[in-house]
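> Given chain E's structure and the hints, the job is docking chain U onto it.
Protein sequence lines correspond, in order, to chains E and U.
Start counting the first sequence at 1; every next residue gets the next number (our numbering).
Start counting the second sequence at 1001; every next residue gets the next number (our numbering).
Derived from the structure by calculation, the hints contain no laboratory data.
Treat each hint with caution, since some may be false.
As the list claims (entries may be wrong) - Computed cross-link-like contacts, EDC-like style, restricted to lysine to aspartate or glutamate with a CA-CA straight-line distance of at most 16 Å:
(1) E:K455 / E:D379
(2) U:K1301 / U:E1259
(3) E:K52 / E:E121
(4) U:K1054 / E:D4
(5) E:K244 / E:D194
(6) E:K3 / U:D1257
(7) E:K3 / U:E1003
(8) E:K33 / E:E50
(9) E:K133 / U:D1333
(10) E:K443 / E:E373
(11) U:K1392 / U:E1406
(12) U:K1301 / E:D4
(13) E:K567 / E:E484
(14) E:K465 / E:E417
(15) U:K1054 / U:E1258
(16) U:K1301 / U:D1257
(17) E:K455 / E:D389
(18) E:K3 / U:E1258
(19) E:K534 / E:D401
(20) E:K212 / U:E1430
(21) U:K1054 / U:E1252
(22) E:K36 / E:D4
(23) E:K133 / E:E121
(24) E:K57 / U:D1092
(25) E:K25 / U:D1325
(26) E:K409 / E:E388
(27) E:K367 / E:E444
(28) E:K269 / E:E351
(29) E:K133 / U:D1092
(30) E:K198 / U:D1333
(31) E:K3 / U:E1259
(32) E:K3 / U:E1262
Every value quoted in this text rests on a predicted model; they were computed, and no experiment measured them.
For reference, the chains in residue letters:
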Amino acid sequence: MIKDYRTLLILAFAGFVFFAMSMKKALDQDYVKHQKAYYKALGEEFPGAEIKQVNVKTPSVAMIDRCQSCHVGASNPEAAGFDQPLTAHPSIVPGAETDPHDFAKIGCAVCHDGNGRALEEHDAHGEFHGWIKPMLVGQKAQASCVRCHAMESGHLAGAELYEKGRELFLEKACWGCHTIAGISSSSQAPELTDAGGKFNYDYLVESIVHPKANDENSKMPEFDWVHDEETVMALATYLKGQQKARLRSEDSAPIGYIKPKSDQVRIEKPSVAAGRALFAGAPFEGAIAKGGCVNCHAFRNDDGQLSGGNIGPELTWTMRNRGEEYVKEHIVNSRVHAPDSIMPTFKDYNEAELDSLVAFLSTFDYKLDSASEGQKLYDAYCVSCHGEDMDGQGIVSAMLDPYPRDFSKHQFVISYEERFKDSILNGVGGTAMPAWKNVLGEKEVETLVEFIKQKSLEQAPTNFKRMDVELPKPGDAERLDYKEKGTVIEAGDVARGIKAFQANCTSCHGKLANGKGPSAYALEHPLPRNLINKEFLNQASVSDERLYQSILLGVAGTPMPSHDFLKDQTILDIIAFIRANTEEAE
Amino acid sequence: MNELIQQAKEFGNKLYYSFFRHRFDNTGLTKSKIMFSNVLLHIQPVKIHKRSVKFKTTMGLGLITFYLFLILSVTGILLMFHYVPSTAIGPDGLPDAYSRMLNLRSNVFWGGFLRNMHRWAAHGMVAFVALHMLRVYLAGAHRGGREFNWVIGCILGLLTVFLSYTGYLLPWDQLAFWGVKVGTEIAKIAPGGALIRGILLGDTDVGSEALIRFYVLHVAVLPAVMGFLIAVHFFRIRKDGGLARPANTQNEKQIPDEEFGEVKNNSVFKSARSYKLVEIVKGNEPKVNEETDQMMFAWPKLITRELIVLMGTIAFLSLISVLFDAPLEGPADPNHPTNPSKAPWYFLGLQELVSYHGFIGGIVIPGIMAGGVMFLPYIEIFLETFTKTYRKNIPGVWFARERNLENSLFIGMYLFMLILIIIGVYFRGENWAIVYPWVETAVGGGH
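If we strip away everything but chain E, and leave its shape as in the complex, we get (with noise of 0.2 Å):
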């Protein structure tokens, strides 16, 4: 018995020892450690312990912030070699005398975020798990500038990060997919005008440095400029400035900032020299820039030094492949061609930006010399979506919709070898590739047809033989359906066609038929033909005949199967259902 009341004696003192420290733990807090510690280090009397609370009215919000009680000499400039969190802030805008930033008003959280209301530092700064405003240290605070002074494409003194950020913004052409209100309007990728709001720094870091990081579809490619810390800082600091909760009204932001020109200044005679600032992003005359194609596209110049971003395809033989009407119509709006291209669209530009920069390409004139041998052609132009191995991954080929051709299956050379040489020197409508005739001669061509044709079919074996099937003609009494034994076949009905097309097509080409279904995130290369895709659909060389040997057939390697189980009527069904999707307006 002694023993029950022994044991239940220790519990008790336990659990009062226990409480006792709850106790102590939500009285000793640091700022009082912090504040004898400086007052000791002033020289003077400690006057008691006292949380210094500012609260931050704004038309907005109502902020409150504790964070002077630690950083306690955070105004007074006989603070300023102290240790943190005692030591003096320096001065927010260099070279004035006095900071108009007063912290006894608008305390510490204005501009370095964080928690303020809390008194722990780990809590204080935001460090706890999805804290949505961790702490801005050091320069990332001039995100914050923007909250209250308005400056657009002003000027700010001490905010030259931000700026720095701004101007990356414009010149490497992340205006051109990204929507900032007031800065560009692109309909490609997410909106960022509030981009700091919704997202913490880090976040952005992460976003800008490894786009797939948190999205693994994300379309956004991976830069190589972005390894540069002070680039990416910048930008992120730019970007975490981007935020729609304002402290100030526009009208009623505090001086300091230059008033944003109304108007930009335009170009408006077409010129090389403009179109080459367009070009490379930089300021051309007093316009901003508003231009960076070389962010995404490389070029050659004349001694086929090869320069620039490898996201689009290369541009030294598009005025040349492509013509002038095109490249302009392409660079407005890059779908008309390719339905699904990631180019954004600049439709902003006028005409005599269009000129000069139409101007600028026309000055690349790089060429081989007709005589080389193959792998020399291949490697210059073909290399770069086709790939060194001619898998089809060169290194553009990620961001092209569809997938550069993959020569390296023998199935595909050897089924399709007779389309080459009119794929090469007439392009393919709808993708990437440009048709090479005013470039290439009808020798190179057969070089590169030879090239190809020999390095893919080097380990093949040469059994490899794909049938022939002719395209059934409706009516033909002779030609009756092979699978329904003894049918006439008719011509193909659409309203059948989509039926069998959603039986037996979506699961690869989707629903729309735009070769997003389910299953294609599963593949990889190449991936399910866009069926919705007019350019691709309508021109010579995609027959009826070649739609129906594909279905019933499948495609030679790649990862269309073959559909010998349907009826011949129902695959001439589903061809009309394709058809009539892909119909040129008249």
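Chain U only, in chain E's frame:
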């Protein structure tokens, strides 16, 4: 002077006897009076079987659960003084409910500790309810007239989970929002689940209406129902003759009589024991005529042991609450799901099952389990009656050999759920893909 002392003594006596109706000596009469004349009689009998105070008998599991309920009531009421069940955006740009959580952590004296206590006690209660149920089944204490009490216990268990679940939403942070969202999405799969979900949420989605409904359920409705059922649960244990025990306990090793404290007999009738006062009650109450030597006074041994469990629970919980802070993430944001979104841990087994198959994993298996467990004693009786295989049930004995089959099945079910929960908590990462906790810490909730 003497008179004054006399009067003071008289006054003191009157004062004392207005509080207590007994003294604190060691006579049997006093010991029974302590129980009999105090509210303690409503919980405990005057005399208890010796094995009731043995640790092995119950491990104090039910008692701990009850104490956690008490601690939760106390800390919960204190938290109610500060909490606002509103999603309205306050002047600081945060939803009120969430803002109050931040305040508890930084502005309210002792607020963080209270919240920690409440949070960890809530999780603890769910766990101990499960352990208590396991103990009862493995010791065969659910049979022999106690079948209906088992059902009540199961309802109490479900209520506990539901209480914990309704409380999970109240902080209105990402963890709360998405945890509850996952749970209510599971409910949709059930036939009629959409309706129940609608009634619970008051909306088509988790939002301000859901918060106020969960709040009222959490602080008023469920605790009231639970308090009533706890009373019934305890009352039926008393009426069933205390803790379940085998018919013959003579050969069991018991705590020696001396351990129960000395009993003086001041009665003039040396043979009469004061506990005979209760012998007039009929029924199968403490069986005074049989095994009298096994029955001992509840005071002070039982009461002391119960206090030990109480103090142990409080001490342990305080320690946990000082050391570990209750999680709080960013404010609830319906537009930005956490990846992964995990329900609270006691639902993670369910979520894991749902991730394989919505209907089978979310409704069929848990439905069979919950229903099966709740009516388990009746199922046993039914099978025994209709197959005429009367299996021997030895109440109060752990792992009785006669019940190996039932016990193994029951333990198997527990292990099954436990493994699923562990997978859900520690082995599920982004997009519900398998991660290994020693490679990458699993996040997304569960706690």
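> Now tell me if each hint is right for this structure.
We went through each hint and held it up to the structure:
no.	hint	result
1	E:K455 / E:D379	holds, 13 Å
2	U:K1301 / U:E1259	holds, 8 Å
3	E:K52 / E:E121	holds, 15 Å
4	U:K1054 / E:D4	holds, 12 Å
5	E:K244 / E:D194	holds, 5 Å
6	E:K3 / U:D1257	holds, 14 Å
7	E:K3 / U:E1003	violated, 44 Å
8	E:K33 / E:E50	holds, 11 Å
9	E:K133 / U:D1333	holds, 14 Å
10	E:K443 / E:E373	holds, 11 Å
11	U:K1392 / U:E1406	holds, 12 Å
12	U:K1301 / E:D4	holds, 8 Å
13	E:K567 / E:E484	holds, 6 Å
14	E:K465 / E:E417	holds, 12 Å
15	U:K1054 / U:E1258	holds, 14 Å
16	U:K1301 / U:D1257	holds, 11 Å
17	E:K455 / E:D389	holds, 9 Å
18	E:K3 / U:E1258	holds, 12 Å
19	E:K534 / E:D401	holds, 14 Å
20	E:K212 / U:E1430	holds, 14 Å
21	U:K1054 / U:E1252	holds, 11 Å
22	E:K36 / E:D4	violated, 47 Å
23	E:K133 / E:E121	holds, 15 Å
24	E:K57 / U:D1092	holds, 9 Å
25	E:K25 / U:D1325	holds, 12 Å
26	E:K409 / E:E388	holds, 14 Å
27	E:K367 / E:E444	holds, 12 Å
28	E:K269 / E:E351	holds, 9 Å
29	E:K133 / U:D1092	holds, 13 Å
30	E:K198 / U:D1333	holds, 10 Å
31	E:K3 / U:E1259	holds, 9 Å
32	E:K3 / U:E1262	holds, 15 Å
In summary, the numbered hints that this structure violates are 7, 22.
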